[in-house]
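Asker: One-letter residues, chain by chain:
There are 2 protein chains.
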Amino acid sequence: MSDISDPPARRTLTLRDVSEASGVSEMTVSRVLRNRGDVSEATREKVREAARALGYVPNKIAGALASNRVNLVAVIIPSMSNMVFPEVMGGINAQLEETELQPVVGITDYLPEKEEKVLYEMLSWRPSGIIIAGLEHTDAARAMLQNSGIPVVEIMDTDGTPVDCCVGISHRRAGREMAEAILAAGYRRIGFMGTKMALDHRARKRYEGFVEGLAKGGVELADWEFYEGGSALGKGRELTAAILDRTPDLDFLYFSNDLIGAGGLLLAQERGLDIPGRLGMAGFNGVELLQGLPTKLATIDSCRKEIGREAAKMVMARADGSLPAETVSLTPSLDPGETMRTV
Amino acid sequence: MSDISDPPARRTLTLRDVSEASGVSEMTVSRVLRNRGDVSEATREKVREAARALGYVPNKIAGALASNRVNLVAVIIPSMSNMVFPEVMGGINAQLEETELQPVVGITDYLPEKEEKVLYEMLSWRPSGIIIAGLEHTDAARAMLQNSGIPVVEIMDTDGTPVDCCVGISHRRAGREMAEAILAAGYRRIGFMGTKMALDHRARKRYEGFVEGLAKGGVELADWEFYEGGSALGKGRELTAAILDRTPDLDFLYFSNDLIGAGGLLLAQERGLDIPGRLGMAGFNGVELLQGLPTKLATIDSCRKEIGREAAKMVMARADGSLPAETVSLTPSLDPGETMRTV
DNA sequence: GTATGCTACGTTAGCGCCATCATGCAGTGC
DNA sequence: GCACTGCATGATGGCGCTAACGTAGCATAC
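Heads up: the sequence lines are chains A and B, in that order.
Just add 11 to wherever you are in the first sequence, counting from 1, and you've got this note's numbering.
Just add 11 to wherever you are in the second sequence, counting from 1, and you've got this note's numbering.
Keep in mind that the hints were calculated from the coordinates and are not lab data.
Fair warning: there could be bad hints in the mix.
Note: identical chains are not told apart, hence a pair may lie in one copy or across any two.
To be verified - Computed list of lysine-lysine pairs in BS3-like fashion (alpha-carbon distance at most 30 Å, straight line): (1) Lys227 <-> Lys207; (2) Lys128 <-> Lys57; (3) Lys207 <-> Lys307; (4) Lys207 <-> Lys128; (5) Lys316 <-> Lys128; (6) Lys125 <-> Lys324; (7) Lys307 <-> Lys227; (8) Lys125 <-> Lys207; (9) Lys316 <-> Lys125; (10) Lys125 <-> Lys57; (11) Lys324 <-> Lys128; (12) Lys207 <-> Lys316.
Generate the whole structure from the sequences, applying the supplied hints.
Answerer: Next comes the structure, spelled out in structure tokens:
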């Protein structure tokens with residue numbers, strides 16, 4: 012008796028509640044809410060109305076378990092503060108937008124053990140596909156990817172052997188091409204500046220390609236500087252000051268990304284150096300954010316958005332079986348900006 | 012007969028497989044893998060070994076359904092390319108790191124309908140909590156938050172009425188304080204530059220607070236400029252050129268964020284304007300990225316990381332019932348940098 | 001009239017796991 | 001000897017949903 016006026020017992024709603032409220036079976040409610048199967052328009056309306064009135068939100072956990080289908084795509088990347096990865100995410104998002112699929116992000120902080128942990132966690136939700144940055148994984152992680160039985164797309168990098176599909180650019184080649192362009196422009200006393208890259212394999216490959224490209228032209232790095240922690244203008248400024256003080260006759264500085272490059276550029280300009288005559292400079296990534304600096308830094312585009320889009324497409328195609336394992340290597344373009352002599 | 016040599020049928024593994032491989036019941040395996048309940052060390056080892064050998068990955072979908080517990084926290088934010096939000100995420104991540112909880116991100120693109128959709132989608136996974144940016148939601152979204160029965164923390168902004176908990180800063184007050192500081196420094200011909208902010212409520216509140224602050228000092232905005240789309244150095248440069256050409260006697264420019272502010276600053280310096288004597292400038296956010304520009308822009312810190320951390324803490328505390336609904340308003344500090352006259 | 005096909009539902013049997021309770025079995029106290 | 005305690009493990013039921021199949025009811029065909 013008393014419970015008539017009790018506050019609505021806050022049990023969470025189920026299909027049964029909607030089914031009772033609308034006078035049809037749970038199955039029919041399920042069909043209506045998923046837009047599946049034959050249900051008359053009259054019933055559909057009745058059910059939808061009841062669901063709305065109750066404030067019913069389906070339980071995807073139960074749905075996924077019953078149907079063995081999950082509309083999630085795991086995206087595993089090293090960092091969100093790198094600017095590169097949010098842009099890749101943008102591409103993935105854009106591509107998945109029109110589909111049922113939803114990206115779910117995991118962050119590894121460039122740590123292999125953490126990657127392994129995050130991957131395990133992600134797989135335990137049985138996603139429909141995995142997009143994961145890089146080709147270097149622990150043995151256990153690689154095994155998980157292989158055994159997962161779902162589409163795997165490794166992104167960013169194509170220098171290596173993918174588990175399944177792969178889309179990215181060759182960072183080794185990007186480094187080599189920059190070296191060639193620098194030599195072609197007549198620079199000879201060349202310095203390098205980048206992260207301590209034990210775990211950033213792509214930065215390492217660019218560096219290796221760069222050194223190799225110089226070597227082919229008979230030139231060795233004149234000086235170098237490695238740093239730890241995030242990239243920012245301040246860091247580039249600081250390191251550039253250090254390297255220029257130490258080796259004043261450098262005529263080119265290659266930075267492993269645009270942001271520290273821009274910092275270096277600002278410093279060099281403050282010091283009144285003739286850019287690109289006396290000193291040339293180049294970065295990597297082609298970030299848009301920096302369009303607007305007084306001088307445009309030479310760079311190589313890393314095709315971030317396109318990689319994201321392509322990766323999402325590959326996951327979908329692989330899921331419906333319309334694609335064999337393949338590697339797509341995009342071709343980034345070198346933009347000499349205003350900080351390299353033109354030949 | 013023939014199937015002895017068939018390739019291992021790639022059914023996905025279940026507890027039962029591990030249980031058979033290790034000779035104990037499913038229940039015991041479950042206990043071992045979750046580190047729960049009394050299981051002898053000998054059995055533990057046996058089970059773990061079997062699970063590892065098989066490459067078993069638990070099915071959280073089934074686990075969540077059975078236990079009615081999900082270790083996910085939904086984080087709903089407008090954008091990932093705004094730099095502000097990745098930093099908030101950083102704070103959330105840092106705080107959740109040591110717990111079982113995992114953030115899952117949804118992006119709304121500043122669109123109320125999309126927010127509603129994303130929220131519905133998120134709730135259908137029955138997360139343990141929700142962190143959502145802003146206090147303005149559609150009626151339906153607000154109802155969902157209220158009915159969800161889980162902790163809700165609205166972040167970034169405290170000017171309004173939260174559904175449950177809330178942590179952020181008062182943007183209205185931030186705008187007002189900047190106005191007061193500008194007037195105190197003796198500037199009088201003041202221009203404003205910001206996004207067309209129909210949907211960016213926080214930018215709008217800063218603007219309103221700013222105008223209000225000026226009004227209290229008997230000053231009106233001398234000129235203003237609104238733009239659409241993302242914020243970048245280039246945009247700030249362009250708009251600043253326009254506003255300075257149109258109203259050359261401006262003696263202060265207030266930008267609704269640091270990035271366009273920095274663009275404006277670079278342009279003003281190229282034009283050889285005396286900063287902060289002839290022209291003062293200020294932005295908003297206190298982004299670290301820009302430390303390293305030749306001149307440090309005046310700004311107000313938006314406490315991003317702290318908001319993230321606090322929000323995560325509140326979700327946890329609210330989940331275990333140790334916290335009543337509350338609003339935490341952080342106090343951002345104004346940094347005059349080098350672009351405001353000192354009084 | 002029976003056969004046939006079609007639409008619009010309902011019924012049943014799980015999906016893989018975990019909360020809960022039951023159980024066996026050793027050791028302990030008197 | 002018997003109850004009692006504590007520990008390690010097993011059996012059972014069900015979380016909320018959906019795939020697959022079943023069927024009532026009506027229309028059409030001959």
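Asker: Of all the hints numbered above, which does this structure not satisfy? Sort the numbers upward.
Answerer: Per hint list: zero violations.
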